[in-house]
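Colleague: Residue-level listing of the chains:
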Amino acid sequence: MTQLVWNGLFVGSFYALVALGYSMVYGIIKLLNFAHGDLYMLGAFAGFAILGAVGGVSSSMALPLLLAVLVVTMVVTGLAGVALERIAYRPLRRAPRLSLLITAVGASFALEYGMRAVAGADPRVYPVRLGGTSMEVFGARFTVQQLVLVGVAVALMAGLNLLVTRTREGRAMRAIALDPRTSALMGIDVNAVISRTFFVGSALAGAAGVMAGAYYGKIDFMMGFLIGLKAFTAAVIGGIGNIPGTMLGGLLLGLLESFGTFWLGGEWRDVFTFGVLILFLTVRPTGLLGERVTERV
Amino acid sequence: MGNRWAGLGGLLVALLAPFVNATPYALSVMTSAAIFVMLAAGLNIVVGYCGLLDLGYVAFFAVGAYTSGVLATRFDLPLLATVPAVLVVTVLAGIVIGAPTLRLRSDYLAIVTLGFGEIIRITANNLDVTGGPSGIYGIPHLVGSPVAFYYVTVVVVALAVLGAARLGRSRLGRAWRFVREDEDAAEAMGVHTYRVKLAAYIAGALWGGLAGVLFASQLSAVSPGSFTFLQSALVLMAVVLGGMGSVPGVVVGAVVISILPEVLRDLADYRFFLFGVLLIAFMLLRPQGIWPARSQEALR
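Protein chains in written order, with the working numbering: chain A, 102 to 398; chain B, 125 to 424.
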């Protein structure tokens, strides 16, 4: 029982981390960034490439090194996110939503199969593996490394929350989310802020990618597809565009999956997840913490 | 009406093609292309006419193929006898996914349909009735020889395309386009937008399901591997490439998308990368596609 809860929270913290990028981008320009899951994949591969370049690592140094790689990867995926926005999304900001969505699907494809062309179709084994000793608390078995990963995830989310609620930058983001035109009139450089939002969101996804690579040990070019869907589900459960809601949604989705797997068996896990998504959208489309917005004025 | 001549010309090309090259390989490629045209025509109703992005369109294709395959193999029915059941089941599938979600914004709908596509695929993968990962095999053919089947397919697909085109010009079709252009205005003018969107969804599901029957008959086997997100994306690509809402455009797009991979076998690794880049490029440079739908209203 406690084990299920722990597993759920652990996976949930990954979901939350990826979901945040989805949520931020949606909150600010109302775009579902389909390619977001693929930035997570990109992060995993970037981390893989950097670790490979560094060469052999002694296992005692694995954790500090991994943290360093994490930072570099976040910069790489962050820049990739900015480039994506610049090339594929910005020119279409005034176009019909359908065009924008299709562009996002195209971007997702280009990233997935571009990576496949570069890195090959076979899964890669991560050079650093966080196995570690396990310990038991309240009957749940977990490793120190898992704890560290969750710690990093929580720290990143706390940092993001500070950024959005306490800084000038965060205030600009919230202003644009409310009304881009007026924000521009007030002297906010809308394009720059949107770029930075993409940077932050993509960096978080990249961080999650590296952590997942180090934890699961295997990465492949399609790994972002499913997690993208799940992250979106997490964002919807919590309330898309709402940052604390998204974190809550991620953890909740992790727990739901953990228990769903226990009750229904692993092969039905994803069916269960998407079922929850459809149910949530039907019953409460704005999520748990989202405000009710009437769309038609 | 240039479109009518274009349609007749296309049909003529399709009918004469086996006289040029009737190797089993060529026939199978052409039959697949025809089925793909039907899929694209169906998705065009949903995305092109009505502006609802469906990213799980192959779910209906799968529902049709599986329903037909399961019934035919379990009860030893000829495929044609399963068609009424397929119609009922696909309409139900369309309602099940459309009814709760069509009230939502289009981008939510996109991701829900994506989830629905995955649900159908995973379910087919895990159930015993559907044969699990290995699928169903031994589905009877609709007609004996591949050439005859090709002609049957071409005729069915031609009727389907014609039907889609006529639907698009009907009162309902105009309502669809109105909803696509401005949902609020449509609502204000008395169009029952929810019902109209659901109708588009059901029509799309029917086209997809019937294409599924053809598919089951062509391969005499179905397995979950044929119904991945990749397939949905390819059909969408065909619709976008050809020109959303334009029937001749979509037919051309579908033929291009289904034949191109055969031509570009050497580029295997870059093929789907190229698809992705093309999707972006088309949206940026030519969002209306190769053969755009000309607005008839504007001409008058």
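Mixed in with the good hints, there may be bad ones.
[Said to hold, decoys possible] Cβ-Cβ distance ranges computed for the label pairs, FRET-style:
(1) A:R272 with B:R128: 55 to 63 Å
(2) B:D390 with A:L166: 53 to 61 Å
(3) A:Y317 with B:L388: 53 to 61 Å
(4) B:V253 with A:R269: 56 to 64 Å
(5) A:E368 with B:R128: 46 to 54 Å
[Unchecked claim] Output of the computed footprint for chain A on chain B, the stretches with three or more beta carbons under 8 Å from beta carbons of chain A:
(6) 228-241
(7) 245-254
(8) 269-279
(9) 282-295
Honestly, the hints are just simulated from the structure, not real lab data.
In this text, a Cβ means the ideal position worked out from N, Cα and C, and glycines have one as well.
Colleague: Now, for every hint given, state plainly whether the structure supports it.
Modeller: Going through the hints against the structure:
1. A C-beta distance of roughly 59 Å is found between A:R272 and B:R128, which places it inside the suggested range of 55 to 63 Å.
2. Under the hint 53 to 61 Å, the C-beta atoms of B:D390 and A:L166, about 41 Å apart, miss the expected range.
3. Judged by the Cβ atoms, the range 53 to 61 Å given for A:Y317 and B:L388 is violated: they are separated by roughly 34 Å.
4. Taken as a hint, the range 56 to 64 Å holds for the pair B:V253 and A:R269, whose Cβ atoms sit roughly 60 Å apart.
5. Our hint of 46 to 54 Å for A:E368 and B:R128 holds, since their Cβ atoms are close to 50 Å apart.
6. Here's how the region 228-241 of chain B fares: 11 of its residues keep a CB closer than 8 Å to some CB of chain A, so the rule of at least three is met and the hint holds.
7. Given as covered by chain A, the region 245-254 of chain B passes the check, having 4 residues with a CB less than 8 Å from a CB of that chain where 3 are the minimum.
8. Counting residues of the region 269-279 of chain B whose CB falls under 8 Å from any CB of chain A gives 0; the rule of at least 3 is not met.
9. For the region 282-295 of chain B, the proposed coverage by chain A is not satisfied: 0 residues have a C-beta within less than 8 Å of a C-beta in that chain, short of the threshold of three.
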